[in-house]
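Taking the hints into account, I'd like the entire structure generated from these sequences.
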Amino acid sequence: MDIAKHKPNSMLGRYLNKIRLLLRDEGLVAGSKKTFLGLWAVLRHAGSGDVLFISSGAVGDSWRYRVKNVAEELNFHGISASITIQENLWLDLYVRNFKVFIFHRVPYSANIASFIDKIKECGGEIIFETDDLTFDFECVKQQDFYKNLNETEKKFFENGLGAEILNDPYVKTCTTTTSFLADKLREKGKEVFIVRNKLSAEDLKLAKDIINKKYEAHSEVRIGYFSGSASHNRDFETVIEPLYMIMEKYPEVELYVAGYLEFTNKLNTFRDRIKKLSFVPRKEHFFNVARMDINIAPLEIGNPFCEAKSELKFFEAGILRVPTIATATRTFREAIEDGVDGFVASGTEEWCEKLDKLVADREFRENMGDNARQKAIKAYSTEGEINKEYYAYLKSKIDRK
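Numbering (our numbering), first residue to last: 718 to 1118.
Wrong hints could be hidden among the right ones.
The calculated lysine-lysine pairs, modelled on DSSO-like cross-linking and capped at a C-alpha distance of 27 Å, are [said to hold, decoys possible]:
hint	residue 1	residue 2
1	K993	K925
2	K1114	K925
3	K872	K905
Label pairs and their computed distance ranges (CB to CB) [to be verified]:
hint	residue 1	residue 2	range
4	D861	D1116	45 to 53 Å
5	I957	D809	22 to 30 Å
6	I1018	E933	33 to 41 Å
7	W807	K905	25 to 33 Å
8	K905	I957	34 to 42 Å
9	E838	R951	17 to 25 Å
10	K835	D1087	46 to 54 Å
11	E1054	K835	40 to 48 Å
12	D861	E1066	20 to 28 Å
13	K925	P998	12 to 20 Å
14	K922	L866	43 to 51 Å
15	K837	R951	37 to 45 Å
Simulated from the structure, these hints should not be mistaken for laboratory data.
Just so you know, these numbers come straight off a predicted model, no measurement behind them.
Quick reminder that beta carbons are idealized off the backbone N, C-alpha and C, glycines included.
As structure tokens, this is what we get:
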């Protein structure tokens, strides 16, 4: 691939677009704060240690869960990890300061190509990290989110995001979030470690503070859908019918929706019982989720991008004692013990049956929420020792240097 066409103005365009989206989604104050943090990431020296995470930015859920929180997990377990971004001014200096380099969603460029060459010269270990299928351009170009991008934004996905790094024979190891993605990466002959998304120590403290607060009792049953982005309309369409049936049967049910969904469907019949929530910073988001009685996580059936998605909507709600009904993807089936700490549903009939059970039986849904919280603490926190094989692998690469 001709890396010369990845020009600096493309990087500037990407950053300007990120700033635009931050200001739109989070408002002037919160958006400006995150913009400042992003600029600080360009200037901040990452120091030295065992493992360095390199990412395409320092904001958003993908960065939080795959860079910030995984680095925290490694530090908790005796592996010194630091984080930086690909535009960091000191990038080349880190070649001799770290032994393992983990690239997360990093677009290929002349600068990155040079950095990787220097890592190879020093014998450093390179790991490709991903939490979705953006490395597969054939899959990306079929997605609605890609079709809605402008030409500048589309260039970042040309040939697959970071695919040049993934396909480099020097890179033999990958980390990812789900079994589905792990299988895709193994098809490329890579050794793969599944490193699940996890809640940080700060997240656990926030959740504990929230659930310890006293809330006003409410007679309505609140169903929450937290879509996250404008690309989830097809996901939501899969549950319109069961939601309609439940809202028709139970007048006490209210539907709370965070995101860009437009209700041009039969649910408009209940528009007085549908509440729109704005995008808010993480702390307020946790408060919003905690106010729900039921969380739903529908996904479009048969879409590889949806199959690749992690279970974070399950454990983010679970840590707040809110039970989840999720589409029965492989990931959710692996994460949720159906009927115990959550529900998985495969079609309209199952969605109706399981929504009905949670709406009608308050004690049942509260017990399920308690079980979901215990699962989140045990299996989805950075302090839990559930990646011992991965820790051992990293230590073997660190100790040999």
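Cross-check of the supplied hints:
{"no.": "1", "hint": "K993 to K925", "verdict": "26 Å, holds"}
{"no.": "2", "hint": "K1114 to K925", "verdict": "37 Å, violated"}
{"no.": "3", "hint": "K872 to K905", "verdict": "23 Å, holds"}
{"no.": "4", "hint": "D861 to D1116: 45 to 53 Å", "verdict": "46 Å, holds"}
{"no.": "5", "hint": "I957 to D809: 22 to 30 Å", "verdict": "52 Å, violated"}
{"no.": "6", "hint": "I1018 to E933: 33 to 41 Å", "verdict": "38 Å, holds"}
{"no.": "7", "hint": "W807 to K905: 25 to 33 Å", "verdict": "31 Å, holds"}
{"no.": "8", "hint": "K905 to I957: 34 to 42 Å", "verdict": "38 Å, holds"}
{"no.": "9", "hint": "E838 to R951: 17 to 25 Å", "verdict": "46 Å, violated"}
{"no.": "10", "hint": "K835 to D1087: 46 to 54 Å", "verdict": "51 Å, holds"}
{"no.": "11", "hint": "E1054 to K835: 40 to 48 Å", "verdict": "47 Å, holds"}
{"no.": "12", "hint": "D861 to E1066: 20 to 28 Å", "verdict": "27 Å, holds"}
{"no.": "13", "hint": "K925 to P998: 12 to 20 Å", "verdict": "18 Å, holds"}
{"no.": "14", "hint": "K922 to L866: 43 to 51 Å", "verdict": "37 Å, violated"}
{"no.": "15", "hint": "K837 to R951: 37 to 45 Å", "verdict": "42 Å, holds"}
Of the numbered hints stated above, those contradicted by the structure are hints 2, 5, 9, 14, listed in ascending order.
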